[in-house]
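A.B. asks: Sequence:
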Amino acid sequence: MGRENIGNWSVRKCSKTCGQCEKDFVDKETIISCLTFNDKSEYVREDFCKTCWKQHKTGLSSWKTHYIMPPPPTDEAVKKENAESLLRRLIAKENEEDLNAIFILTVMLERKKILIERDVQTTEDRRKLRIYEHKKTGETFMVIDPELKLDELESVQEEVVVLLGGKPRTAEPESEPTEVDAKKADVANE
191 MGRENIGNWS VRKCSKTCGQ CEKDFVDKET IISCLTFNDK SEYVREDFCK TCWKQHKTGL
251 SSWKTHYIMP PPPTDEAVKK ENAESLLRRL IAKENEEDLN AIFILTVMLE RKKILIERDV
311 QTTEDRRKLR IYEHKKTGET FMVIDPELKL DELESVQEEV VVLLGGKPRT AEPESEPTEV
371 DAKKADVANE
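First residue of the sequence shown? That's 191 in the numbering used here, and the numbers climb one at a time after it.
Calculated from the structure, these hints are not laboratory results. Just to be clear, a hint being listed does not mean it is correct.
What the hints assert, rightly or not - Below, simulated BS3-like cross-link-like pairs (lysine-lysine); rule was C-alpha separation at most 30 Å, straight line: (1) 244 - 303; (2) 318 - 303; (3) 244 - 206; (4) 254 - 303.
The model shown is predicted, which means the values in this text are computed figures rather than measured ones.
Take the sequences, apply the hints, and build the full model.
C.D. replies: Next up, the structure:
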């Protein structure tokens, strides 16, 4: 190949359009992909429809493939807006029993980089008060850290999933009663 310094081995995924005529590929259309080097000694992938490939036909390597339409994006298990609106609603209620859920929601939003922890203070009753700032709006959220223990986390996370409209992982799928179940019920009723 004659290239001593091969820089970037990261090659992008298949394009959604032809590299020459820019027409959108359709699902299961036969296309031709090829690898070339750019001026930075990086591999570059180009994808072509059959018509344009007949005119192009250059590259280090080429192959015929089928364009597969990517599936629509899946919804996140918990949407950012839902977690944020639930957090706002629970904070506004000011119920002591919601502290654990509020804290978990805050941590979720911190991981999503929506909230940024700015300070930690100790209250008069020796609790940790975590101060967060909303990255976009600049709002301040003050959240009591309930200092959850590891064995408490799963049940609080399940509670938050249910509050967000999801099903708890521990829930068993509902099934139709079987003949055996019906016989057990008959025996129990006798």
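A.B. asks: Give me the numbers of the hints this structure contradicts, sorted from smallest to largest.
C.D. replies: Failing hints, ascending: 1 and 4.
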